[in-house]
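J.: Residues per chain are reported as follows:
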Amino acid sequence: MSETPMPLWEVFIRSRSGLAHRHVGSVHAADAAMALQAARDVYTRRGEGLSIWVVPSDAITASDPAQKDMMFEPTASKIYRHPTFYKVPDDVGNM
Amino acid sequence: MSGTCEGAAATPALQDYTLRLADSALILGHRLSEWIGHAPLLEEELALGNLALDLIGEARSLYAYAAEIEGKGRSEDDLAYRRDAGQYRNLLLVEQPNGDFARTTARQLLYSAFAHPFWRALAGSRDEMLAAIAAKAEKEAAYHLRHAGEWLIRLGDGTEESHRRAQAALDELWPYTGEVFERDAVENRLIADGIAPDPAALRPEWQRSVAAVIAEARLKQPTSGWMQSGGRSGRHSEHLGHLLASLQFLQRAYPGASW
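Protein chains in written order, with my numbering: chain A, 1 to 95; chain B, 1001 to 1259.
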């Protein structure tokens, strides 16, 4: 019997609340149609979703955790990029 | 009491008919539950459990209704746990053992390809309770059909071994498909009353959806020869007794046990 490992798929589900699709986990499946079914059966058993996306895991290009200092550290000191950094004159009221 | 049971004469027929539908759903649901802990992959373990729970849920609603029609104080549990094989009215198809995954998949396809149009037709029943149960079951059956169909296509059009097993499964189960479309006095009565759909009228759709899957799976449709029959009158294969022994053990050993 020949067995090849089944491809892995990342599963994204949009909940009832109408927010964006959110990553919930992964499933093994031979192809996209089966991955969608598996995602439905594994991740929507308690009414979690109204829409499912499945994406081949190997289609995702991820940042390297080892480079997180280079990637993300420099933004920590740039507090002026947050709107809360600026004082809004009282006369402006609610923006 | 909901529903439209007209006159005393219609009542036993309606109760018998409801029980048949309940028994088929329960037995197939139980068969699928036997896969729990044994499924070929984790995803399918959950999928088979989902299908089983859909079917057992359908069975519960139908048993509760059958008990209500009967009006003798029996509960859905009494009907499920305290009848012997000879009193069960399920289709022979659904009591057939799981076998390998191909066999379970083929059994599910052959049943669901009927169940889907059947529930849709029953949703238009003059009996309000059956119509309501059917409307819910139709959506479940639609997914069961898709799930089983997609798997059978991949098994049939997969490896040499999966093809061989899928073909063997179809060949083995085909003789149980004739019974699905049979009609007897009970059904004729209810069809005339607008309560039950005519199963024969559903055959073309069943044939179309089964044939489409078989063709895409590169399998051969078995030739329709002699067909098994008897589930509706309580003449079952030897498998049902074994299934009930496991299904009913607790209530038989400890009557009335609850937790």
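Please keep in mind that the hints were generated in silico from the structure rather than gathered at the bench. Where hints are given, some of them may not hold.
Claimed, not checked - Anything over 12 angstroms on all C-beta distances counts as not near chain B; from chain A, calculated:
id, residue
1, M6
2, V27
3, A33
4, A35
5, L36
6, S51
7, Q67
8, H82
9, P83
10, V92
Said to hold, decoys possible - Pair ranges (Cβ atoms, derived):
id, chain 1, residue 1, chain 2, residue 2, range
11, A, S51, B, T1011, 31 to 39 angstroms
12, B, G1124, A, A32, 14 to 22 angstroms
13, A, A33, B, R1082, 37 to 45 angstroms
14, B, A1257, A, E48, 33 to 41 angstroms
Where is the CB? At the ideal position from N, CA and C, for every residue including glycine.
J.: Over 12 angstroms from every CB of chain B: does A/P83 meet that, or does the non-interface label fail?
T.: holds (44 angstroms)
J.: Return holds or violated for the Cβ distance of A/A33 and B/R1082 against the range 37 to 45 angstroms.
T.: The hinted range 37 to 45 angstroms holds for A/A33 and B/R1082, with Cβ atoms some 43 angstroms apart.
J.: Please check whether B/G1124 and A/A32 have a Cβ separation lying inside 14 to 22 angstroms.
T.: violated (36 angstroms)
J.: A/V27 clear of chain B by more than 12 angstroms, beta carbon to beta carbon?
T.: violated (5 angstroms)
J.: Find the nearest Cβ of chain B to the Cβ of A/M6 and say whether that gap is larger than 12 angstroms.
T.: Incorrect as stated: the minimum Cβ-Cβ distance to chain B is 7 angstroms, not above 12 angstroms.
J.: Find the nearest Cβ of chain B to the Cβ of A/L36 and say whether that gap is larger than 12 angstroms.
T.: violated (9 angstroms)
J.: Compute the least Cβ-Cβ separation between A/H82 and chain B, then decide whether it is above 12 angstroms.
T.: holds (42 angstroms)
J.: Hey, does A/V92 actually stay past 12 angstroms from chain B on C-beta?
T.: Holds: least Cβ distance 53 angstroms, greater than 12 angstroms.
J.: According to the definition I'm using, a residue is off the interface if its beta carbon is farther than 12 angstroms from all beta carbons of the partner; does A/Q67 meet that for chain B?
T.: holds (33 angstroms)
J.: Given a hint of 33 to 41 angstroms, does the C-beta separation of B/A1257 and A/E48 actually sit inside it?
T.: holds (34 angstroms)
J.: Per the stated criterion, does the least C-beta distance between A/A33 and chain B lie above 12 angstroms, as a non-interface residue requires?
T.: violated (6 angstroms)
J.: Over 12 angstroms to the closest beta carbon of chain B is the bar; see if A/S51 clears it.
T.: holds (16 angstroms)
Of the numbered hints listed earlier, those contradicted by the structure are 1, 2, 3, 4, 5, 11 and 12.
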